[in-house]
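Residue numbers (the working numbering), protein chains in the order written: chain D, 21 to 381; chain R, 21 to 381; chain L, 21 to 381; chain Y, 21 to 381.
Accuracy of the hints is not assured; some may be wrong.
It does not matter which identical chain is used: a pair holds within one copy or between any two.
Calculated pairs, DSSO-like style, for lysine-lysine (alpha carbon to alpha carbon, straight line, at most 27 Å) [to be verified]:
1. Lys292 x Lys95
2. Lys243 x Lys75
3. Lys24 x Lys243
Hints listed in this document are in silico derivations from the structure and should not be mistaken for laboratory results.
Protein chains: 4
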Amino acid sequence: MALKRIGILTGGGDCPGLNAVIRAVAKNAMGAGIEVIGIEDGYLGLIEDRFCPLKRDDVSNILTLGGTILGSCNKANPSSYAVRQDGKWVMKDVRDQVIKHYKKAGLDALVVIGGDGTMSGAAKLIDAGMSIVGVPKTIDNDLWGSDVTFGHDTAVTTASDALDKVHTTASSHHRVMVVEIMGRYAGWLALNAGVASGADVILIPEIAFDIEKVAAKCVERSKIGKRFTIIAAGEGAKQAGGKMFIDHINEASPDPIRLGGVAKFVSDQVEKITGIESRSIVLGHIQRGGPPTPRDRLLATGFGHHAMCLVHKGSFGRVVIKKNGVIDSIPIVDVADKVRTVPLDHPMLEAARALGTSFGD
Amino acid sequence: MALKRIGILTGGGDCPGLNAVIRAVAKNAMGAGIEVIGIEDGYLGLIEDRFCPLKRDDVSNILTLGGTILGSCNKANPSSYAVRQDGKWVMKDVRDQVIKHYKKAGLDALVVIGGDGTMSGAAKLIDAGMSIVGVPKTIDNDLWGSDVTFGHDTAVTTASDALDKVHTTASSHHRVMVVEIMGRYAGWLALNAGVASGADVILIPEIAFDIEKVAAKCVERSKIGKRFTIIAAGEGAKQAGGKMFIDHINEASPDPIRLGGVAKFVSDQVEKITGIESRSIVLGHIQRGGPPTPRDRLLATGFGHHAMCLVHKGSFGRVVIKKNGVIDSIPIVDVADKVRTVPLDHPMLEAARALGTSFGD
Amino acid sequence: MALKRIGILTGGGDCPGLNAVIRAVAKNAMGAGIEVIGIEDGYLGLIEDRFCPLKRDDVSNILTLGGTILGSCNKANPSSYAVRQDGKWVMKDVRDQVIKHYKKAGLDALVVIGGDGTMSGAAKLIDAGMSIVGVPKTIDNDLWGSDVTFGHDTAVTTASDALDKVHTTASSHHRVMVVEIMGRYAGWLALNAGVASGADVILIPEIAFDIEKVAAKCVERSKIGKRFTIIAAGEGAKQAGGKMFIDHINEASPDPIRLGGVAKFVSDQVEKITGIESRSIVLGHIQRGGPPTPRDRLLATGFGHHAMCLVHKGSFGRVVIKKNGVIDSIPIVDVADKVRTVPLDHPMLEAARALGTSFGD
Amino acid sequence: MALKRIGILTGGGDCPGLNAVIRAVAKNAMGAGIEVIGIEDGYLGLIEDRFCPLKRDDVSNILTLGGTILGSCNKANPSSYAVRQDGKWVMKDVRDQVIKHYKKAGLDALVVIGGDGTMSGAAKLIDAGMSIVGVPKTIDNDLWGSDVTFGHDTAVTTASDALDKVHTTASSHHRVMVVEIMGRYAGWLALNAGVASGADVILIPEIAFDIEKVAAKCVERSKIGKRFTIIAAGEGAKQAGGKMFIDHINEASPDPIRLGGVAKFVSDQVEKITGIESRSIVLGHIQRGGPPTPRDRLLATGFGHHAMCLVHKGSFGRVVIKKNGVIDSIPIVDVADKVRTVPLDHPMLEAARALGTSFGD
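Can you build the whole structure from these sequences, using the hints too?
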């Protein structure tokens, strides 16, 4: 049976390359005579019946554009959606409502672009009978099952550029500079940006750090005439036996490092221990924004095209991945709610150590 | 009397273009047969007698390099220098010591590159008999007497790039994004970056803001279908009747906005008042780093060359400026410890208002 | 009398910042309750009656966009327009037709953004009774009467980036690299990009070069251990007594340097004279493209706003300029068909010479 | 037997990431107590005995630097080297001389970074008894045996940026723009940059093009309201039955397309056939220059580290590759003088076709 009409939505946090996927899916579909319906603000548009046909012009000139023309939402989950009832918020399963909108719009399939949360939501909609193909996105590169995801290269480029920039300040002022890089559960971004910019110390969630060893590295560099140290700190990095620093931010705790995060902690402690002037910066949301790098545009285009190949073949319930250099797919249920962390024997870790980089352990 | 040997130093905070000035001064001098002595770490090198002859190769390939090859220090002041005496730190005038080193090295003149603090120090060394020419540097563009200083264009470019990046996140997620931009006393950087990136609200130290009006602007945008707002906040911006938010950071106060700064305050308050999801980021030191833009390289080269023209003519005690489009000079004493703020009738303010930008007033 | 409706068009070659002017004009006008009509493809749209109302959304998100949303045309001239008559092309004055369309659309004024050709056309339409304000654009920075025009900083940045890039190749391979930069009649672009990137030789139309002296500079550098030379050549640069090389391209001549341009000539001759391997590249149209730099966005925004100030005041027949650091205006007739070349006593020329740059003279 | 001293050289054309490899090799070696000797200008330094010990400072701050600090040469080949004898140039095998210098310097092994020509030279030195490990470099990405090589991502980024820039000019002026991209034998660079920038037509050496079909694509776009076309043309692209256009440049032929190359040919013919204004630009050497992208720095660092792993293990005669996502090695003889072209069933080709891109066939 030939498909007539498909829907597309983007869920979760902003990620460079989302529009490149939307364009690839839509151009592929239009070329095959399939109508494409854009769904606004992720699952929220599916729940609230906000659908909007995409025309050829809507997907022109968006390849290089950051963000998503469809809007996104990282809260709405059809199987557990907050609804106001009797003056209180209660969590409800609104999948029936979603399927009603999906059928009313005459959709034969849905392409869902998002992270592990979005894929987890998709898995539950598939259970309810929807024909879904997933496209993973995460700047953190931590999607289980895929070696690489679009958005990551752009985020690495932004973080690496920031490390390059503070390098000149650090060397001119003989300071320790700590740069906090995104990545709560996986250290890919801090590791890749850190190695790409020659950071002297890289802290990642996978390797608990010892602040004394971090400080010792700064002192060791001073002794060989290097009067500054650059530290790339993944936001989820933690001390041996310690909690993640970002927990402290979210709690209304009286903890003195509240509002600080790992970069501020490391900077303060290193200055205290070594007496070397130290500064920290938190890169934050700029890592999610901006136009995708050419490589991310290629990957996003390849992912979008592959998603449509799955749609054409009727291979639903699968998510696109890249494994061993090849774009392929695996069942969506396999990736839901999982995280791919940096293995401790990863060649890049080994290379960095051989070049003198400290991981604070 | 022909000059034989000059010294050069860089003081104060890091600023893109410092190396371009060093290169211009050194190439000009070497071309005229004058030796150039680099002084390490600003006034500190002058005090501690750390001098190092610059050769042609030392100033090759540094035009595009951020930071300063000479190192800098933003604390040492020859007329009030912290010295350990009888187990305590006391402030001493060490200008005699500086002049001794200066004479021992056989220097006929000194080129001093720095901000208002460095120029203030230079003024006191001139009083003590030294032949000094000043070159101003500030990414904040707030040097009194000059319409523009190198480093500012690079900082505007970095801040503007960050605003462009958060724009895609803001529009995809329908958020208010507040970006904190450097500038404690003058709003040039926030104003220029904000207008260059089409920020919807710009907060600067020169215009006290009313948080209710900032929130109202966000709501007004929602009403006309714009589901996001970008706010460029100069770090020195304050509420009518309020203190600078950065004061709170430095105090050991129990104030709830401690560690927060203006961006966090504005973000929190706007979310509270409007219910629209809001986020803040603090750009920090990346605004001081990186390779200078071509424009900053041109300006720094022009300033360095002009400094040498003053040296050749024996016009000491003057600082290079650019006024009404022309590179010129004024007495160093005129600029010491002064700040050039954004005048309230500046054409760019007027233009921004006419285009719909709010200044929170 | 209050204005109700204005038109806007962009003429001549592509230039970064055109959309920023369109946005500034439109936002200012809309804020004052004035309707804005976009005219397509420069004067061609005026002649062919292709008008299109601009809405607020049309001018959103275009500040950072290169090119022009209105389209351009660098051929159509209302006072001398090629029309097919009796099987032949004849030049006709179609200003009556233009004025008919202008009146039919109910326009009270027209904002014309373009180069000297466009301003020359505007001057003739003013003669015919139209109310016009001009905004100058040229990446060449050669508009008579203005110290600077938007688009130039972006072009300098692109050309300077290319010079920086070939620098690494030149130094790795010990080559002479000649980079041809736009600028037929004025050398601003080659001069500014050349100085900003530390080019060793800069050739501009204003200074006739002697190829022997260019070659001698390359040899001199070899002797002091610099095994490469970077030459920035403005496309209009010529030998003493010679024609512009670009003439040769356009003629159907048997000249051996046909298709070559100045960069190829210089590269070939330098290799022949010195025996040092030489290469040339022609930057071409990339110098006109891409997103405007923040500085160009600021200048374009300032120019657009000032154009509307003139419109509001009814000061027609004037073109916006920036002189001595201030945005102002002068009569359009003053700038038509004139070119502002680099004066031979320009401080940047003098600075470059003092730093060792050769101009081939 | 522990190694005491190794040599390192870079051969062939400039490529971003060379310094990152040098740094990785040197830091790894120094960390293991091995001395590193830099050999100047590729095989030429080996022939002429120009060796220079590398110290820690020599390889600091070079990670982000384009070019090669060692210099390169793409002509000298030890087994066939041009020597002046009896007033004539004769090709001689100078491998004995090379081995003499190698032994005199006390080298235990040599790391050779270069393209297929350099690897071919290395294979012949291995035959003569030298212990060599190869690291491949090519911006063209056409090394046989490796899925990817460093330098390519940077070149794709530069070419893609140029395509993005001409996009605005093309759309503003309703033109056909043809951009010539490097790649004589393989189309990877044109393909990747073309897809990454959404080029409408991509011409590569692997797919002979029909100029009528290229022209037809431009006309087809006009009909659906797209008034411009972007063509990415690999320099080695040719017509069915035709010669490479670059041949014509090197021959002293009377051919009218002499000096033109493929871009000029396509531009001229498309304008002739369709009447649509067309322009061409040749990107040239800027594709080889500039700082490596973060991804290329990572790959180059990984390659350099892996080369040292081979050295440590005594696995000589091998060249580092990346295959199926993993860094590994294969015998150098396997890659010498071979080229990896784009397979006609490559997924990216298929994806591009499905999205509407024409390959002129």
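Output the numbers, in ascending order, of every earlier hint that fails for this structure.
Violated hints: none; all satisfied.
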